[in-house]
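Visitor: The residues making up each chain are set out below.
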Amino acid sequence: MRIVAVDPTSCVACRNCEYACAFKQTGDFDTKASNIRVNFYPEERVCIPWTCVHCGEGWCMEICPAGAILRNPETGAVEIDAKRCAGCKMCLLACPTGSIHFDKVELVSKKCDLCGGDPSCVKFCTSGALQFVEEDEAYSFRRESLDAKLIRLFGLTKRGS
Amino acid sequence: MHLVVIGNGAAGLSALNRFRAIDTDSQLTLISAESGTAYSRVLLPYYLRRKIPYENLFIRRPEDYEKLGVRPEFGMRVSRVHPETHSLTLEDGRSIGFDRLLIATGSRPFLPPVEGLAGTNVCHLWTLRDTEQLDTLFQPGRRALVLGSGFIALQAAWAAQQRDLNVTVYELLPRIMPTILDERGAALLQQRVEEHGVEVRTAIHTERVDRSKTGVLTVHAKNHPPLEVDLIIVGAGVRPNIEFLAGSPIRTDRGILIDEYMQTNVPGIYAAGDVARGPTSFGETHQTHALWPTAVEHGKIAGENLTGRHVPYQGSLNMNVTEMFGITVASMGKFIEERGHSSHPVENGPSHYLKIVLREGVPVGAVALGGAEDAVILGRLRPWVRNRRRLPDVEGFLKGRYLLPRQVA
Numbered sequence: 001m002r003i004v005a006v007d008p009t010s011c012v013a014c015r016n017c018e019y020a021c022a023f024k025q026t027g028d029f030d031t032k033a034s035n036i037r038v039n040f041y042p043e044e045r046v047c048i049p050w051t052c053v054h055c056g057e058g059w060c061m062e063i064c065p066a067g068a069i070l071r072n073p074e075t076g077a078v079e080i081d082a083k084r085c086a087g088c089k090m091c092l093l094a095c096p097t098g099s100i101h102f103d104k105v106e107l108v109s110k111k112c113d114l115c116g117g118d119p120s121c122v123k124f125c126t127s128g129a130l131q132f133v134e135e136d137e138a139y140s141f142r143r144e145s146l147d148a149k150l151i152r153l154f155g156l157t158k159r160g161s
Numbered sequence: 162m163h164l165v166v167i168g169n170g171a172a173g174l175s176a177l178n179r180f181r182a183i184d185t186d187s188q189l190t191l192i193s194a195e196s197g198t199a200y201s202r203v204l205l206p207y208y209l210r211r212k213i214p215y216e217n218l219f220i221r222r223p224e225d226y227e228k229l230g231v232r233p234e235f236g237m238r239v240s241r242v243h244p245e246t247h248s249l250t251l252e253d254g255r256s257i258g259f260d261r262l263l264i265a266t267g268s269r270p271f272l273p274p275v276e277g278l279a280g281t282n283v284c285h286l287w288t289l290r291d292t293e294q295l296d297t298l299f300q301p302g303r304r305a306l307v308l309g310s311g312f313i314a315l316q317a318a319w320a321a322q323q324r325d326l327n328v329t330v331y332e333l334l335p336r337i338m339p340t341i342l343d344e345r346g347a348a349l350l351q352q353r354v355e356e357h358g359v360e361v362r363t364a365i366h367t368e369r370v371d372r373s374k375t376g377v378l379t380v381h382a383k384n385h386p387p388l389e390v391d392l393i394i395v396g397a398g399v400r401p402n403i404e405f406l407a408g409s410p411i412r413t414d415r416g417i418l419i420d421e422y423m424q425t426n427v428p429g430i431y432a433a434g435d436v437a438r439g440p441t442s443f444g445e446t447h448q449t450h451a452l453w454p455t456a457v458e459h460g461k462i463a464g465e466n467l468t469g470r471h472v473p474y475q476g477s478l479n480m481n482v483t484e485m486f487g488i489t490v491a492s493m494g495k496f497i498e499e500r501g502h503s504s505h506p507v508e509n510g511p512s513h514y515l516k517i518v519l520r521e522g523v524p525v526g527a528v529a530l531g532g533a534e535d536a537v538i539l540g541r542l543r544p545w546v547r548n549r550r551r552l553p554d555v556e557g558f559l560k561g562r563y564l565l566p567r568q569v570a
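Residue numbers (this note's numbering), protein chains in the order written: chain G, 1 to 161; chain R, 162 to 570.
Check each hint, because a few of them may be wrong.
Under 8 angstroms between C-beta atoms, here's a sample of chain G residues computed to sit facing chain R [unchecked claim]: (1) PRO65; (2) GLY87; (3) LYS89; (4) MET90; (5) LEU92; (6) LEU93; (7) GLY98; (8) PHE102; (9) GLU106; (10) LYS110.
30 angstroms max Cα-Cα, derived DSS-like pairs, lysine-lysine [as the list claims (entries may be wrong)]: (11) G/LYS123 - G/LYS24; (12) G/LYS83 - R/LYS212; (13) G/LYS123 - R/LYS560; (14) R/LYS228 - G/LYS104; (15) G/LYS110 - R/LYS228; (16) G/LYS110 - R/LYS374; (17) G/LYS104 - G/LYS123; (18) G/LYS32 - R/LYS228; (19) G/LYS110 - G/LYS24; (20) G/LYS32 - G/LYS104; (21) G/LYS110 - R/LYS560; (22) G/LYS110 - G/LYS32.
Simulated restraints on C-beta separations [as the list claims (entries may be wrong)]: (23) G/ASP30 - R/HIS366: 45 to 53 angstroms; (24) R/THR250 - G/LYS32: 54 to 62 angstroms; (25) G/ASP30 - R/PRO428: 33 to 41 angstroms; (26) R/GLY487 - G/CYS14: 53 to 61 angstroms; (27) R/ASN178 - G/VAL12: 42 to 50 angstroms; (28) G/GLU44 - R/ARG232: 52 to 60 angstroms; (29) R/ARG415 - G/CYS14: 52 to 60 angstroms; (30) R/GLU276 - G/ASP30: 56 to 64 angstroms; (31) G/GLY56 - R/GLY230: 17 to 25 angstroms.
Just so you know, the hints here were simulated from the structure itself, not pulled from any lab data. Since this is a predicted model, take the numbers as computed values, not measurements. All C-beta atoms, glycine included, are put in the ideal place defined by N, C-alpha and C.
The task is simple: from the sequences and hints, build the whole structure.
Guide: Set out below in structure tokens:
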């Protein structure tokens with residue numbers, strides 16, 4: 001499946017992705033509604049947009065006590081059915097990357113659904129930092145210098161090392 | 162191969178799903194004491210306070226069992242397990258053979274030893290039937306006493322308050338939510354509960370309940386004036402459903418003892434969920450959580466190993482989250498400081514409190530009272546607790562740094 005991949009070296013922190021996501025959902029530009037969030041790390045001079053990576057075995061999906069989180073068979077996206085969501089917040093506690101948010105008006109959880117296979121955030125990304133690519137390509141445009149920064153920032157290590 | 166699963170709850174369903182994802186040939190039988198397709202226990206209070214419609218309680222349709230190739234036996238109890246002959250006796254006298262067995266019979270609420278407590282208008286909030294009964298008892302203006310102040314008890318109290326009942330909570334211990342919150346969190350939540358007009362009495366020992374001819378219940382507590390109510394909701398904890406194992410060689414001790422493969426001491430017989438006592442993230446070998454996430458994980462590992470694989474479980478991490486009295490309440494792991502622990506509390510006014518507990522820089526648990534974003538923080542913290550990773554900088558973490566610890570990345 002294809003996911004929204006991030007190349008932080010290209011991100012210019014314009015937050016167009018947040019505006020695009022919020023607008024797609026609400027018809028308004030209040031970025032609080034956005035499912036993609038640009039995180040700023042001024043000391044490292046890095047900004048990283050982050051959204052759901054639609055995990056293979058999504059813990060949110062397995063744990064949902066309402067059976068409201070299902071994989072879309074066409075796009076592969078892990079989606080929340082707002083009509084079934086009870087608002088118990090167990091998925092918020094289950095997601096290790098903080099990619100599920102809570103809709104304070106509807107009182108249900110919400111997350112990236114890849115806009116049905118044509119993600120708005122990617123479409124309106126001004127710098128090419130966001131790309132809609134096959135999962136295995138998602139990590140290919142990380143570069144050595146960036147990797148070093150990420151390791152410092154998150155305590156990350158490269159896959160397999 | 163014929164796999165029999167006893168129990169149609171979180172653990173049983175999770176096991177069936179996992180098993181079928183790997184093994185598409187074996188014969189599957191599900192035996193459930195409850196009469197219909199699976200419903201979600203977690204959602205019962207959400208229905209009672211009308212957050213969700215009745216039909217959303219059900220998380221499986223009859224065709225879902227068919228699709229999974231499971232033959233269900235609803236409304237049927239198992240009266241004996243015979244490991245030596247690989248068979249079960251059902252309450253109607255029939256015998257069913259199995260090659261492998263999963264016991265996921267769950268738990269049921271406990272009625273504290275209070276004289277005269279058992280009887281009409283005294284309910285739990287545990288099963289669908291309890292919920293339907295409470296639904297008819299929840300008439301505006303009625304007086305309800307909630308005995309206990311755990312997760313379910315307080316959710317019942319909130320539902321009753323939302324349905325315009327006059328609600329009182331009695332807790333035996335000196336503070337509310339003794340297993341979910343630390344002292345500070347409990348004090349803040351109690352204040353919140355009281356602001357909603359619910360009276361909370363802690364350190365109160367309920368001794369006797371008298372019934373009048375008109376149905377009024379008079380509750381007598383030590384050193385406390387009698388309280389007249391129309392109904393009592395009991396939320397004083399649960400006990401595992403293991404009675405049918407009496408006399409069998411399956412080892413129990415306040416639950417079925419299982420190893421890291423979810424197997425009991427009898428090869429081929431596994432247990433999962435509230436009925437099972439398995440390993441935890443903190444290295445305990447046999448612990449009961451009686452929590453939905455633990456049941457789902459148990460079931461998943463059991464389902465995998467029942468196919469013949471040999472996958473160990475990394476151990477359960479207790480976690481809780483809910484909305485009550487308009488505030489998000491969540492906790493995880495060890496959230497009460499023990500010797501050698503340090504803590505990082507953040508408090509902003511009466512409706513926001515977050516505390517991370519660490520041991521030598523490794524987070525071991527957290528507790529939060531506030532908004533949904535606090536549950537998100539606990540979610541991000543979970544892999545660090547589970548993988549026992551040192552968090553370089555708590556302040557930074559709270560600001561969104563340190564996306565994932567090394568092992569998960």
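Visitor: Confirm or reject each hint.
Guide: Going through the hints against the structure:
1. The interface hint given for G/PRO65 holds, since its Cβ lies 4 angstroms from the closest Cβ of chain R, which is under the 8 angstroms cut-off.
2. A distance limit of 8 angstroms between C-beta atoms decides the matter here; for G/GLY87 the minimum to chain R is near 6 angstroms, and the interface restraint holds.
3. For G/LYS89, the interface hint holds, the least distance from its beta-carbon to any beta-carbon of chain R being 5 angstroms, beneath 8 angstroms.
4. At its closest, the beta carbon of G/MET90 sits 6 angstroms from a beta carbon of chain R; the interface hint therefore holds under the 8 angstroms criterion.
5. Because the closest C-beta pair between G/LEU92 and chain R is about 4 angstroms apart, less than 8 angstroms, the hint holds.
6. Interface restraint check: G/LEU93 against chain R, minimum CB-CB distance 5 angstroms, threshold 8 angstroms, status holds.
7. Given the 8 angstroms rule on beta carbons, the hint for G/GLY98 holds: about 5 angstroms separates it from the nearest Cβ of chain R.
8. Evaluation of the G/PHE102 hint against chain R yields a held restraint, the C-beta minimum of about 3 angstroms falling below 8 angstroms.
9. The interface hint given for G/GLU106 is violated, since its Cβ lies 11 angstroms from the closest Cβ of chain R, which is over the 8 angstroms cut-off.
10. Evaluation of the G/LYS110 hint against chain R yields a violated restraint, the C-beta minimum of about 10 angstroms exceeding 8 angstroms.
11. For the proposed pair G/LYS123 and G/LYS24, the alpha carbon gap of about 12 angstroms is at most 30 angstroms, so the pair holds.
12. The hinted pair formed by G/LYS83 and R/LYS212 meets the criterion: a straight-line CA distance of about 11 angstroms does not exceed 30 angstroms.
13. Distance hint between G/LYS123 and R/LYS560 is fulfilled; the C-alpha atoms sit about 28 angstroms from each other, no more than 30 angstroms.
14. With a CA separation close to 36 angstroms, the supplied pair R/LYS228 and G/LYS104 exceeds the 30 angstroms bound.
15. At most 30 angstroms may separate the alpha-carbon atoms for a hinted pair to count; G/LYS110 and R/LYS228 meet this at roughly 28 angstroms.
16. Annotation: proposed proximity of G/LYS110 to R/LYS374 is violated, straight-line Cα distance about 51 angstroms (limit 30 angstroms).
17. Between G/LYS104 and G/LYS123 the CA atoms are separated by roughly 27 angstroms; this keeps the pair inside 30 angstroms, and the hint holds.
18. For the proposed pair G/LYS32 and R/LYS228, the alpha carbon gap of about 40 angstroms is over 30 angstroms, so the pair is violated.
19. Our distance criterion of 30 angstroms between C-alpha atoms is met by G/LYS110 and G/LYS24, whose separation comes to about 13 angstroms.
20. Taken as a hint, the G/LYS32 and G/LYS104 pair is honoured in the structure, with Cα atoms around 10 angstroms apart against an allowance of 30 angstroms.
21. A distance of roughly 21 angstroms separates the Cα atoms of G/LYS110 and R/LYS560; the hinted pair therefore holds under the 30 angstroms criterion.
22. At roughly 12 angstroms between alpha-carbon atoms, G/LYS110 and G/LYS32 fall within 30 angstroms of each other, so this suggested pair holds.
23. Between G/ASP30 and R/HIS366 the beta carbons are some 52 angstroms apart, a value that agrees with the proposed interval 45 to 53 angstroms.
24. Range check, R/THR250 to G/LYS32: about 58 angstroms between beta-carbon atoms, so the 54 to 62 angstroms window is met.
25. For G/ASP30 and R/PRO428, the hinted distance range of 33 to 41 angstroms is not satisfied, since their beta carbons lie about 58 angstroms from each other.
26. Distance hint check: the CB atoms of R/GLY487 and G/CYS14 are about 36 angstroms apart, inconsistent with the given range 53 to 61 angstroms.
27. Taking 42 to 50 angstroms as the suggested C-beta distance range, the pair R/ASN178 and G/VAL12 conforms, at roughly 44 angstroms.
28. For the pair G/GLU44 and R/ARG232, the supplied restraint of 52 to 60 angstroms holds, since their beta-carbon distance comes to about 58 angstroms.
29. Between R/ARG415 and G/CYS14 the beta carbons are some 58 angstroms apart, a value that agrees with the proposed interval 52 to 60 angstroms.
30. Against the hinted window of 56 to 64 angstroms, the Cβ-Cβ separation of R/GLU276 and G/ASP30 comes to about 58 angstroms, which satisfies the hint.
31. Range check, G/GLY56 to R/GLY230: Cβ separation about 23 angstroms, and the 17 to 25 angstroms hint holds.
Violated hints, listed in ascending order, are 9, 10, 14, 16, 18, 25 and 26; each of the other numbered hints is respected by the structure.
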